[in-house]
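> Between the sequences and the hints, there should be enough to build the whole structure, so can you do that?
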Amino acid sequence: MLLARRNLFRDRTRFLLTVAGVAVSIGLILLLAGYRSGVYRQASAYLDNTPGEVVVAERGIRDFLGTSSALPAGAEEAVRQTPGVERVIPVISQFVIFERHGRKDGFFLVGYDPARGGGPWKLAAGREPAADHELVIDRTAADQHGIAIGDAISVLDRTMTVVGLSDDTTFWAGSIAFARISTLESLLRAPGLRSFLLVTPAAGVTPMALRDRLAHPATEVLLKSEVVANDRKLLARVYDAPIGLMVAIAFLVGVLVVGLVIYTATIERRREYGAIKAIGARNRALYRVVTIQAFIAAAIGAIAGVGLAYGGGAAMMAWRPQFRVDIEPAAIGVVLAASLLMALVAALIPARLVAHLEPAEVFRG
Amino acid sequence: MTAFTLDVRGVTKRFGDGAAGVEAVRGVSLAVEPGEIVLIMGPSGSGKTTLLSMMGALLRPTTGSIHLDGIEISALSESRLPEIRLRRFGFIFQDFNLLSALTVLENVAIVAELGGVGRRPARAKATALLSDLGLGERLDFLPEKLSGGEKQRVATARALVNDPTLILADEPTANLDSKIGHEIMNLLRRIAKDQGRSVVIVSHDQRIRDVADRVLWLADGRFTDVDAMATDPVCRMSVERDRAVRTERDGETFYFCSRGCREEFLGRLVPSTG
Amino acid sequence: MSATLLLARRNLGRNRVRLLASVGGVALALTLTLALDAIYAGVANQLTTYIDRAGADVWVSQAGVRNLHMVASWLPGSVTDAVRAVPGVAGVTPILYSTDTIAARDERAVAYVIGLPADAAIGGPWSVVKGADRVGRGEIIIDRGFARRAGVSIGDSVIVLGAEARIVGLSDGTASLLNSVAFVSFDDFRAMRGGAPVVSYVLVKVAPGASPEAVAAAIERQVPSVTAQSKTDFSAQERRLVMDMSADVISIMNVIGFVVGLAVVAITVYVATLARRREYGVLKALGARNSALYRVVLGQAVLSVALGFVVALAFTGLLVLVLPLAGVGLELSISAASLAKVGLFALVIAGLAAILPVRQVSSLDPAVVFRRGVAI
Chain A
1 MLLARRNLFR
11 DRTRFLLTVA
21 GVAVSIGLIL
31 LLAGYRSGVY
41 RQASAYLDNT
51 PGEVVVAERG
61 IRDFLGTSSA
71 LPAGAEEAVR
81 QTPGVERVIP
91 VISQFVIFER
101 HGRKDGFFLV
111 GYDPARGGGP
121 WKLAAGREPA
131 ADHELVIDRT
141 AADQHGIAIG
151 DAISVLDRTM
161 TVVGLSDDTT
171 FWAGSIAFAR
181 ISTLESLLRA
191 PGLRSFLLVT
201 PAAGVTPMAL
211 RDRLAHPATE
221 VLLKSEVVAN
231 DRKLLARVYD
241 APIGLMVAIA
251 FLVGVLVVGL
261 VIYTATIERR
271 REYGAIKAIG
281 ARNRALYRVV
291 TIQAFIAAAI
301 GAIAGVGLAY
311 GGGAAMMAWR
321 PQFRVDIEPA
331 AIGVVLAASL
341 LMALVAALIP
351 ARLVAHLEPA
361 EVFRG
Chain B
1 MTAFTLDVRG
11 VTKRFGDGAA
21 GVEAVRGVSL
31 AVEPGEIVLI
41 MGPSGSGKTT
51 LLSMMGALLR
61 PTTGSIHLDG
71 IEISALSESR
81 LPEIRLRRFG
91 FIFQDFNLLS
101 ALTVLENVAI
111 VAELGGVGRR
121 PARAKATALL
131 SDLGLGERLD
141 FLPEKLSGGE
151 KQRVATARAL
161 VNDPTLILAD
171 EPTANLDSKI
181 GHEIMNLLRR
191 IAKDQGRSVV
201 IVSHDQRIRD
211 VADRVLWLAD
221 GRFTDVDAMA
231 TDPVCRMSVE
241 RDRAVRTERD
251 GETFYFCSRG
261 CREEFLGRLV
271 PSTG
Chain C
1 MSATLLLARR
11 NLGRNRVRLL
21 ASVGGVALAL
31 TLTLALDAIY
41 AGVANQLTTY
51 IDRAGADVWV
61 SQAGVRNLHM
71 VASWLPGSVT
81 DAVRAVPGVA
91 GVTPILYSTD
101 TIAARDERAV
111 AYVIGLPADA
121 AIGGPWSVVK
131 GADRVGRGEI
141 IIDRGFARRA
151 GVSIGDSVIV
161 LGAEARIVGL
171 SDGTASLLNS
181 VAFVSFDDFR
191 AMRGGAPVVS
201 YVLVKVAPGA
211 SPEAVAAAIE
221 RQVPSVTAQS
231 KTDFSAQERR
241 LVMDMSADVI
251 SIMNVIGFVV
261 GLAVVAITVY
271 VATLARRREY
281 GVLKALGARN
291 SALYRVVLGQ
301 AVLSVALGFV
311 VALAFTGLLV
321 LVLPLAGVGL
331 ELSISAASLA
341 KVGLFALVIA
351 GLAAILPVRQ
361 VSSLDPAVVF
371 RRGVAI
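Sequence lines, in order, name chains A, B and C. With our numbering as the guide, the letters of the first sequence map in order to residues 1 to 365. With our numbering as the guide, the letters of the second sequence map in order to residues 1 to 274. With our numbering as the guide, the letters of the third sequence map in order to residues 1 to 376.
Don't read these hints as lab results, they were simulated from the structure. Careful, some of the hints might be misleading.
What the hints assert, rightly or not - Covered by chain B, according to a simulated footprint, are these stretches of chain C (three or more residues, beta-carbon under 8 Å):
hint, stretch
1, 2 to 14
2, 276 to 286
Unchecked claim - Quick list of the computed label-pair ranges, beta carbon to beta carbon:
hint, chain 1, residue 1, chain 2, residue 2, range
3, B, 136, A, 303, 53 to 63 Å
4, A, 84, C, 197, 30 to 40 Å
5, C, 105, A, 87, 32 to 42 Å
6, A, 326, C, 127, 56 to 66 Å
7, C, 291, B, 60, 14 to 24 Å
8, C, 318, A, 121, 26 to 36 Å
9, B, 207, C, 352, 49 to 59 Å
10, C, 318, B, 60, 54 to 64 Å
11, C, 355, B, 118, 28 to 38 Å
12, C, 340, A, 326, 31 to 41 Å
Ideal placement from N, C-alpha and C gives every residue a C-beta, glycine not left out.
So this is what it looks like as C-alpha cells:
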C-alpha cells in the first residue's frame with residue numbers, strides 16, 4: 001500500500017531505527033541459536049569423529065562427557081570375543097583441570113591406543129603421542145595459553161611435553177587433549193582401567209543388533225547416537241535456560257522497538273489518519289496501513305539481521321575461537337517466522353490508537 | 001541613546017541567493033515605545049512571521065539592525081541570545097505551545113527557573129501570576145484539560161514570568177472564540193498600560209485594532225500606510241486600495257478582497273434597489 | 001530537583017507506553033546480566049558445599065589437583081600414614097572420590113560419590129534426615145531430593161559405580177544444580193576400582209591452635225607428590241574454577257545484555273525526543289540553552305535506566321528468594337561486584353543513549369514555534 005510505504009520511507013532516521021531494532025533482535029536470536037547448536041556440535045565432536053557405532057560404559061552411565069566411567073575388568077576382552085564385532089576402540093577419559101598463568105581451564109583428557117584408534121582426527125601440527133610423557137592438545141587452547149609444540153606443561157603430578165596440536169577439539173568446558181592409554185592408567189593409578197569401548201559392528205550386523213548382543217548386566221551398552229543425545233541433555237541443563245531466556249528477551253526487545261517506532265510515527269500522523277478517516281476510510285484500511293508498515297520494516301530488518309548474525313558469529317569466533325557458531329538454515333526459517341510474529345504483535349500497539357481516532361481530530365488546532 | 005524599547009532599522013531578510021533568492025522582508029523600520037501596543041497586520045506570505053522571528057532574535061536579518069533596550073540584538077553572538085530571549089522577551093503563540101507533560105504551574109515556573117530563579121521563588125511567582133490571571137484553581141491541571149482561553153492565559157503568564165520589556169504575540173486570538181479573544185486582548189492591554197511593557201502583535205484579527213495604539217500593514221515585505229487600506233464590506237478583510245477589486249455605489253467607493261466578495265456585495269444590494 | 005530534571009521526569013512519566021518500553025527493556029537487559037552473574041555465583045557457592053561442610057581443615061590431593069568438581073585425584077594409600085605423621089595433624093580420614101551417575105528406577109543424576117571408611121571421623125554426611133549416617137558394604141546414603149524424584153527410599157537400591165547399593169540413609173543439603181553427593185563404603189569403592197591401594201583425598205583435622213595454612217605447607221614439604229590446601233584455599237580454588245570456566249560465556253552474555261540495553265534506551269530516548277521536538281523548539285525560543293535541553297534528554301535516559309536498574313534488581317532479588325522454593329536445586333547469589341558492574345553498565349548505557357538525540361536538539365530551529373499545523 002502506497003501510504004504505508006511512503007510513511008515508512010519519508011523519515012529515514014525513523015525507518016532505520018525500526019529496521020535496526022528488528023535487525024538487532026533477529027541477529028541476536030540467530031546468533032544465540034547458532035551458538036547453541038555450535039555448543040552441541042562441539043559436545044559430540046569426539047564421538048562423531050571416532051569410529052564405532054556402539055558404546056560400552058560402566059553400568060548406570062549413559063553419557064560420555066559428564067562422569068568418570070570405569071568398566072569392570074575383563075569387559076574389553078569379553079566384547080572383543082563377541083561375534084559380530086569388527087573393531088573395538090578402548091579409551092580412558094578423565095576431566096582434568098589445567099592451570100597456567102593463574103587461569104584455570106578444563107582438559108577432557110582422552111587416553112587412547114594409537115594402534116587401535118580413538119586419537120585426534122585433525123592434527124594441525126606435530127604428531128601423535130609416542131611415549132608416556134607426550135600429549136596432543138587443542139590448537140586454540142594452546143594459542144590462548146601461549147603453548148607451542150615442544151613446551152612442557154604439568155598435568156596432575158606429571159610434567160608432559162606437547163608433541164601435537166589438534167583442530168576441532170574445543171568444547172563448552174574446555175578442550176580435548178590426547179595421551180596414550182597407558183599414560184592415563186598411571187596418571188589415575190589404575191592399571192587396566194577402561195572407561196569406554198567404541199565398537200564397530202562387522203559387515204551385515206546392524207548397530208542395534210550388536211547393541212542387543214553385547215548387553216550385559218555389568219555394563220551399559222548404548223548406540224553412539226543415544227550417548228550423543230544424553231550428552232546434549234546434560235548440556236541442555238546448563239545452557240538451554242539462559243539461552244532460552246535471552247532469545248525471549250531479544251524477541252521482546254524487537255517487538256518493543258518496532259511497536260514503539262511505529263506507534264510514534266502513527267501518533268505524529270494522527271491528524272493525517274484522522275483526515276483519511278474523515279473522508280470515509282474504514283478502520284480496516286488504517287489497520288492495513290499500520291500493519292503493512294510493520295511488515296515492511298520487519299522483512300527488511302530480518303534480512304539485515306541474518307547478515308548481522310553471520311557477521312557477529314564470525315566476529316565472535318575470531319575473538320574467542322573456542323566458541324563455535326553454527327547458523328542452521330532451519331533456524332533462519334524460524335527466525336523469519338519470529339520477525340513476522342514480531343511485526344504482527346508490534347502493529348497491534350499502534351493499531352489500537354488508530355481505531356480510537358476520531359475523524360474530528362482533523363479540525364482541531 | 002533612545003527611549004525606544006524596540007528599534008528596528010532598515011531590516012531586510014533574504015532567503016537563498018541570486019536569482020532564486022526571495023526577499024521576505026524589505027527595508028522595514030519600526031520603533032516601539034515602552035507601554036505601546038503595535039499591531040502588525042498583513043495577508044499570508046507578507047513576511048509577518050519572518051519579521052516577528054527577527055524581532056524575537058530567532059532569525060538574523062540579512063541587512064539592517066534591531067535594538068532591544070539599547071542592545072543591538074541582531075549583532076549578538078548565538079551564545080548570548082538565549083539569555084536575551086529568556087529575560088527580555090515574552091512570547092505568546094497562536095498554538096499556545098505549552099509543554100504537554102508539565103502542569104499549568106510547572107509550565108510557568110520552569111521558565112523562571114531557566115532564568116536562574118530558585119525553585120521555590122519560581123513556583124511562588126508562577127502561582128501569583130496565574131492566580132492574578134484567574135487560574136488559581138487550575139495550577140495542577142495538565143494543558144490538555146484546559147480550554148483554549150485558559151491555555152492562552154497560561155502562555156501569557158509564562159511570557160510575563162521573567163519580567164520582559166517586550167512581549168511578542170503571534171496570532172494570539174486565532175484559536176479562540178471572539179469573547180475569549182477579546183478577554184486576551186484586554187489582558188495584553190492591561191499588561192502594556194499598567195506595567196509599561198511594550199507589546200508587538202502579529203495578527204489577521206480586525207478586532208485587535210481596538211486595543212492597538214498603532215496598526216501597521218505589512219505587504220510584500222514592506223510596511224504600507226494604513227491610510228491606504230480599506231475594509232472589505234463583505235468579509236471584513238483589510239485590503240490595499242491600490243490593488244483591490246472595487247466598485248462605486250452612491251458616490252462611495254467600496255474595496256473588496258476578491259471578485260467573489262464584490263459579486264456578493266452587489267447581489268445583496270439588488271433586492272433593496274429593485 | 002532542577003527544572004530540567006523535572007521536565008525529564010514528566011516527559012517520561014506522561015507517556016506510559018514509552019516509559020514501559022524503555023524501563024522494561026533496560027530492566028530485561030540488566031536482569032540478564034545480573035541474573036547470569038547471580039546464577040554463576042550461586043553455582044560457585046553450591047559447588048563448594050562439600051568442601052565447606054566435610055569438616056576437614058586441610059585437603060591433601062594428588063600433586064597439581066586443586067579442585068574437586070569432576071576431576072580425578074589418585075594417591076597411593078601410603079600417603080594417609082605419611083600425612084598422619086606430619087606435626088600439627090590431629091586426625092586424618094582418607095576418602096575415595098569420583099564423579100559418577102547414580103541411577104534409580106528411571107531417574108539418573110550426576111553425583112559426587114564419596115567412598116567413606118567405616119571409622120571416618122569427618123567427610124561424611126552432615127545432615128541425615130532419615131536412616132543411618134554410616135555406610136557399610138553394599139550400602140549408600142543419597143540426597144533426599146534425588147530419592148524423592150526417583151521415588152525411592154530407605155531399603156531400595158540404586159546403581160552406583162557400576163554396581164547396586166542399598167539406601168540406608170537420606171541426607172539434606174547435599175544437592176546442587178549440577179550434582180548431589182552420595183556416600184558409599186570405602187571398601188566397595190576400592191573394589192569397583194579394581195582393588196588398587198589408592199585414595200583420592202586425605203582429609204586432615206589440625207591440632208587445636210595450629211594454622212591450617214601452616215600445616216598444609218608442612219604436609220607439602222614432608223610428603224612427596226601431593227598438593228595440600230587449607231579448606232579456605234581449596235574452596236577459593238573451586239570458586240575460581242566456575243568463574244574462569246564460565247568467564248567467556250559470561251562476557252559474551254554481558255556484551256549482549258549491554259547492547260540490548262543500549263539499543264532499547266537509545267531508541268526510546270531518541271523517539272521520545274523526536275516526539276517532543278516542537279516542545280524543545282519552544283523551550284529554545286523561550287531562551288533555554290542547548291545545554292539545558294541536553295540535560296533534559298540525559299535526565300530522561302538516566303531516569304529510565306535508573307528505574308530499569310531498580311526493577312532488574314527487584315526482579316533478580318525475587319528470583320533469589322523464589323528459586324530455592326521451586327526445588328530445582330538452583331541457588332542465586334547477588335554479589336557486590338556484580339551490582340557495581342551492572343550499575344556501571346547502566347550509567348554508560350544512559351550516557352551513550354543520550355548522545356543520539358543531542359544532534360537532534362542542537363540542530364533544532366527555535367523558529368518552529370511560528371509554524372503551525374505542521375506535523376513534525
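> For each hint, tell me whether it holds in the structure or not.
How the hints compare with the structure:
1. Restraint check on the stretch 2 to 14 of chain C versus chain B: 8 residues with Cβ-Cβ distances below 8 Å, three needed, restraint holds.
2. Under the rule that three or more residues need a Cβ within less than 8 Å of chain B, the assignment of the stretch 276 to 286 of chain C holds, with 8 such residues.
3. Distance hint check: the CB atoms of residue 136(B) and residue 303(A) are about 59 Å apart, consistent with the given range 53 to 63 Å.
4. Evaluation of the 30 to 40 Å hint for residue 84(A) and residue 197(C) yields a pass: the beta carbon distance comes to about 38 Å.
5. Separation of residue 105(C) from residue 87(A) is about 35 Å and conforms to the stated range, judged on CB atoms against 32 to 42 Å.
6. Our hint of 56 to 66 Å for residue 326(A) and residue 127(C) is violated, since their Cβ atoms are close to 45 Å apart.
7. Our hint of 14 to 24 Å for residue 291(C) and residue 60(B) holds, since their Cβ atoms are close to 21 Å apart.
8. A C-beta distance of roughly 48 Å is found between residue 318(C) and residue 121(A), which places it outside the suggested range of 26 to 36 Å.
9. Checking the proposed 49 to 59 Å range against residue 207(B) and residue 352(C) shows it holds: the Cβ atoms sit about 53 Å from each other.
10. At roughly 58 Å, the beta carbons of residue 318(C) and residue 60(B) sit within the given window of 54 to 64 Å.
11. For the hinted restraint 28 to 38 Å between residue 355(C) and residue 118(B), the CB-CB distance of approximately 31 Å keeps it satisfied.
12. At roughly 36 Å, the beta-carbon separation of residue 340(C) and residue 326(A) lies within the given 31 to 41 Å, and the hint holds.
Violated hints, listed in ascending order, are 6, 8; each of the other numbered hints is respected by the structure.
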